[in-house]
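Residue numbers (numbering that gives the first Met the number 0), protein chains in the order written: chain F, 0 to 325; chain B, 0 to 341.
Hints in this document: simulated from the structure, not taken from any laboratory.
Heads up, a few of these hints could be off.
What the hints assert, rightly or not - Straight-line Cα separation of at most 16 angstroms, EDC-like style, residue types lysine to aspartate or glutamate; simulated pairs: (1) F:Lys-270 / B:Asp-200; (2) F:Lys-265 / B:Asp-267; (3) B:Lys-124 / B:Glu-92; (4) F:Lys-265 / B:Asp-219.
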Amino acid sequence: MTDAKTNILEVRDLKVYYGTARGPVRAVDGVSFDVGRDERFGLVGESGCGKSTTAMTLLRLIRPPGKIVGGQVTLGGADLLKLNDSEMRAVRWKRISLIMQGAMNSLNPTMRVRDQIIDAIEAHQTEAQSRKALEERVTDLLAMVQLPHRVSTMYPHELSGGMKQRVCIAMAIALEPQLIIADEPTSALDVVVQRAVMETLIALQKRMGSSLLLIGHDMGLQAQVVDRLGVMYAGRLVEVAAVNETYSRPLHPYTQALIQSLPSIKLRSRKIGISGLPPFLLNPPPGCIFHPRCPRVMDVCPADPPPPLREVEPGRFVACHLYDER
Amino acid sequence: MEATAQQTDLIRLAGLTKVYGSGLIKKRETVALDDFNLSIAASPPRITTIAGESGSGKTTLANLILGFITPTAGQVLYNGVNIWDMDRRGWFEFRRNVQAIFQDPYGTFDPFYRVDDVFDSLITKFKLTSSRTEARQITVDALEVVGLRPEEILGKYPHQLSGGQRQRIMVARAFLLKPRLIVADEPVSMIDASLQVRVLDIIMRLKEEFGISFLYITHDLSTAYQISDDIFVLYAGSVMESGDINSVIQEPVHPYSQLLVGSIPVPDPTVRWEAQVKPPDAEAGVLFTGGCKFYDRCPFSTAPCKRSVPQLYEVGPNHYASCHLQQGRPVAQPRSVAGLGR
Chain F
0 MTDAKTNILE VRDLKVYYGT ARGPVRAVDG VSFDVGRDER FGLVGESGCG KSTTAMTLLR
60 LIRPPGKIVG GQVTLGGADL LKLNDSEMRA VRWKRISLIM QGAMNSLNPT MRVRDQIIDA
120 IEAHQTEAQS RKALEERVTD LLAMVQLPHR VSTMYPHELS GGMKQRVCIA MAIALEPQLI
180 IADEPTSALD VVVQRAVMET LIALQKRMGS SLLLIGHDMG LQAQVVDRLG VMYAGRLVEV
240 AAVNETYSRP LHPYTQALIQ SLPSIKLRSR KIGISGLPPF LLNPPPGCIF HPRCPRVMDV
300 CPADPPPPLR EVEPGRFVAC HLYDER
Chain B
0 MEATAQQTDL IRLAGLTKVY GSGLIKKRET VALDDFNLSI AASPPRITTI AGESGSGKTT
60 LANLILGFIT PTAGQVLYNG VNIWDMDRRG WFEFRRNVQA IFQDPYGTFD PFYRVDDVFD
120 SLITKFKLTS SRTEARQITV DALEVVGLRP EEILGKYPHQ LSGGQRQRIM VARAFLLKPR
180 LIVADEPVSM IDASLQVRVL DIIMRLKEEF GISFLYITHD LSTAYQISDD IFVLYAGSVM
240 ESGDINSVIQ EPVHPYSQLL VGSIPVPDPT VRWEAQVKPP DAEAGVLFTG GCKFYDRCPF
300 STAPCKRSVP QLYEVGPNHY ASCHLQQGRP VAQPRSVAGL GR
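Bound-form chain B, shown alone (with noise of 0.2 angstroms):
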C-alpha cells in the first residue's frame, strides 16, 4: 500500500463490500453492505453513528472493521495500511488500538471466572505489566474512569453484577488499553433507561478527556443523537443519507431516514406519530431492482429510481443523500462498485 494523502485517517473504508453466499446448488447472493466508505481523522476524536435497522449491515460493518471476517471487496485501511496486508507487529498494533463494545453485557463474561480475569487476560495478552500490584492499579484506575468503585466490582462473579455494571465493565476493560479507536455495537440496548445514560455520559467523556475516537453502531436514533457527531444512515447495506448528527436528524432529505426518524416514539404524548410518510406494506426483505434499495418502500419513488443506483449527492454543509430527488446537487461521490446487490 503506497502512501497517500489518507495517511492521516486513523481508520479508512474504501468501497467496503460484503456478499454472503447461501445454497449449494442454487446460489443465492445477499450483499449485507455494499460500496461503504468512511474515514475517522486521528485527530480531533469524533463519534461517529452508523444506524440501521436490522438486516442494514451495521453490525457486518463492525466485524469487517474489526478484523473478524474479511471483505469481498474494498479494504479497511488502519494508518493508511490494509488490515488484510499487516505484519504480526502491525496486527498486534491495530488489535490493541482498536477495541470494541458488544450489545450484550450477559453474554460476554465467562460465568466460572471472577471478573478481573477480564482484565487479567488483557494485560497478560497485550504485556501491559508483569507486576502483579501495577497490574490490580491500571485495573482499578479503568473502573474509576468508568465511575465504577473497585472495591465492589472486583472478586465478584459476573452474576453477582447488574447489567449496567457489566457493561461499564466492559468500557473499562476497552479502556484499559487507551486505544484510539471504540468500536461500540448496540451498547445501551439492553441496559434500562436509568443506567443507559450513565453509560452514555462515559462513552462521551473518553472522548473529551482521553481523545478515544468512537464508532456507535445503534438502531437508536435518539440515543445517537445526544452523543455523536456524525451519522451514517444505512439501508439494505447501502448509505442513504449521512453527515453531521443535527442535519440528518433535524432536517432529513432521504425519503427511509424521514420515515426512520418519523417512526422513532417521542417521550412527548403530546407529540404523536405522524402518518406523514406511509407505512410500509413489504416489511419483508428488500426488492433489489439494481436501483434505489428503498425504491419498493419509497412514497416519492420513480421510474430512474427503480433502474439506477442513486449517487451520493452533497445536499448541504457536511449533508450527503443518496437519493435521485438531489439530482442536480453535486455529486459527493460516484459509485465505485455499481451493479452490486442486483
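Here chain F stands alone, though its shape is the one from the complex (with noise of 0.2 angstroms):
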C-alpha cells in the first residue's frame, strides 16, 4: 500500500461484523492500512464507524456477537489473525499494548499502582523478575510518565484524572511494545491535561522507537498527534494521506465536510455541517455507503459497488468514484 518502507502493521481488508437477529451489522467493513516503524497513525470517525472495533480487532478482544469474518492483521510477518489463544497472549502487551477510553477507570481500586503495575508485567512476562528488580522498574516507569515517585504507593482514588491515565500509559509501556493503540486516551481529561498527557506519549513513542496507532473523533487532537490519518465512515476508510495533506486538501467529501465543520479558535464563521444521518448498518444504502449524505453524489455513485481505497497520488488513497480514472 505505501513504499515498501518497514511496516510494522499491515491491515489488509478487515472484516468485522456483528451477529444480530435481523442480521449482520457490518462494522468493519474492508479496512486496509499501514503504520510504519516509528510512525504515528491516527484513525478519526464519529461514533459508529468502526474505529474501536478495528482496534479491539488487532489485540483479537473482539467478543460474541462480533466476529472476524476476515483480512488479514501481520505484525512483523505474522497474521495475528492466524495465533492461537496462547500465542496471542505473548504478543498482548509484549508487542502491542493498548490504552483503552476511560482505561483510568480500570485500575483497580483496592490495589497499589506500584503493585498493579508490577501485576501487568509479571501477567505478560515470561521470565520471573526478582521483587526488587521489578520495583526498580515501576520507579522507571512512574518517571518516564512524570509522576512522581510516592503515586507508587498510592491508590487510584488519591490520583487525578490526569494521573491516572499517567499510570495506565506506564502499564502500556512496560514492556516497551512495538507498537501502542491508544483508543480515545484522552477524551475524558480537560484540554491542559489533555495536552500534557499526549506530549508524555509521544515523547515516550519517539523514545522507544514505537509505533502510535491513536483511534479518536477529535479531529484537533489527530492534527496535534499523528504524521498520517484514516478517515472512516461506516466501517470503511474513506481517506488515508499525510496528515498535512489531508486538512490541507481533503479529497474526499466526507472529509471535507468534517473539516469544515470544524469549529476552530482562529476562524469565526458559520459552519454548515453534513445534512443527514449516518446511515444503519443493518441496512446500509447501496453503492457508496456516503452518497445520501454527500454534496457531490453522481448517478454512478449508487448504482456501482462501493468504490475501493486507491492510491490516487503517491501516498494518498482515497474511496471515491469522482477519483475514477476516465
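Since each chain sits alone in its own frame, please combine them into the complex, following the hints.
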C-alpha cells in the first residue's frame, strides 16, 4: 500500500461483523492500512464508524456477537488472526499494548499503583524477575510518565484523572511494545491535562522507537499528534493520507465536510455541517455508503459497488468515484 | 427587594457563592463558586459563555441560576427579584421564561414514553392550550424550528432516534415555551462533529430570530468562540478573565486563559501545540493559599499572588482579568466577599 519501507503493522481487507437477530451489522467492512515503524497513525471517525472495533480486532479482543469474518493483520511478518490463543497472549502487551478510553477507570481500586504495574508486567512477561528488579522498573516507569515516586504507593482514588491516565500509560509501555494502540486516551480529560498527557505519550513513543495508533473522534487532537491519518465512515476507510495533506486538501467529500464543520478558535464563521444522518448499518444504502449525504453525488455512486480505497496520488488513498480514471 | 438600576437586567447574579461542606467530624469546605457577578440585559439577546474545566464551578452556576440549589451567599435576580423570594406566580413565570438544555441527550428521555410526551407534559404543565390540535401544532412548529421533520420524530421512542436528533428535540422543547433565556449546559459535547454545528446553528438562529438569550456552559472554547458574544473563564470557582469573546480568545491576558487557549488541539497540523506556558505539574486539586487560585500553577506567580486575591481589572473595552499582573489598570469590580476559599 505505501512504499516498501518497514511497516510494523499491515491490515488487509479486515471485516468484523456483529451478529444480530436481524442480520449482520458490518461494523468493519474491508479496512486496509499500514502503520510504519516509528510512525504515529490516526484513525478518526464519528461514533459507530468502526474505529474502536478495528482497534480491538488488532488485539483479537472482539467478543461475540462480534466476529472477525475476514482479512489479515500482519505484525512483523506473522498474521495475528491465525495465531492460537496462547501465541496471541504472548503478543498482547509485549508487542502491542492498549490504552483504552477511560482506562483510568479500569485501575483496581484496592491495589496500590506499584502492585498494579508489577501485576501487568508479571502477567505478560515470560521470565520471572525479582521483586526488587520489578520495583526498580516501576520507579523508572513512573519517572518516564512524569509522575512523582510517591505515586507508587498510592491508591487510584488518591490520583487525579490525568495522573491515573499516566499510570495506564506506564503500564502500556512497561514491556516496550512495538505498537501502542491508544483508543480515545484523553477524551475524559480537560484540555490542559490532555495536552500534557499526550505530549508525554508522544515523547515516550519517540524514545522507545515504537509506533502509535491513535483512535479518536477529535480532528483537532489528531492534527496535533499523528503523521498520517485514516478517515473512517460507516465501517470503511474513505481516505488515508499524510495529516498535512488531509487538512490542507481533503479529497473525499466526507473528509471535506468534516473539516469544514470543525469549530476553530482561529476563524469565526457560520458552519454548515453535514446533512442527513450516519447510515443504519443493518440496512446500508446501496453503492457508496456516503452517497445519501454527499454534496457531490453522481449517478454512478448509488449504482456501482462501493468504490475501493485506491492510491490516487503518491501516498494518498481515497475511496470515491470522483477520482475514477476516465 | 427594592427597585434598583439593575431592574432592566433579565438576569443578574450578585456575589453568587456556593460552598459545599463535606465530612461529619472534620468539616471540609469546597468553594464551588466564589463571588460570581454577571448581568444579562433584557435586550438585545446575547449568548454568554461560561467556560471552565471540570471542577471550575460551571455546572454549579447553572444549577444555581435554574434554582435547583440554594446559594450560600449572593443572589440570583430575575427581573430584579431574587428567585428565592418569589411568590408562586413569580416562580411560575421564571420557570417558564428560563429554560434549560442539558449535556446528555441519552439520559434526559424516559425510555418508556414516546418523545411526544416530552412536549405534551410541558404543554399541560404550563397550560399552553387545552386543545389537542393546538397542542400538536405548537409541537410541530417547535420541531420545525430546530430543523426536524415532525413526521419522522413524533410517535417514536427515544431509542429510535440519534443523539443529534434527541438533542435537537431538547432544544425544541426549550424553545416551545418561547423563553427569554436558555441555560445550555454542554449541549453539544456528546454529539458527533458533523451534527454539532447544526445544533450550534440553531442556537444562533433562536437568538437572532426569536430574541432568546443563552448562557452557554462549556469546556470547549472552539464552539464558544463560534457562537457567543461574551465569555467568562472560570477556574476553581472564580472568574479569571471575562469580556468580549474576540478579545478573550484572541488576546487572553490571564495566564490561565493563555494556558487554556494554548492547549486547545487546533485542527491544523501546521499549528502544533506550543509550549509557551509550562504544563501544570499539580493537576490534583487547587491549593488555596488565600490568594489567587491559579497561584500554584501559574508560571508568572509572585509573592502577592499567594497572599491576596487579585481584583478584577479592566484591561480593555469590555475585557476584564483578575490577575495581579494587571495592577495599575482601572479596577472594574472590587471583591465583595473577601477571603472565601481559603
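**Request:** Check each numbered hint against the structure and report the violated ones by number, ascending.
**Result:** none
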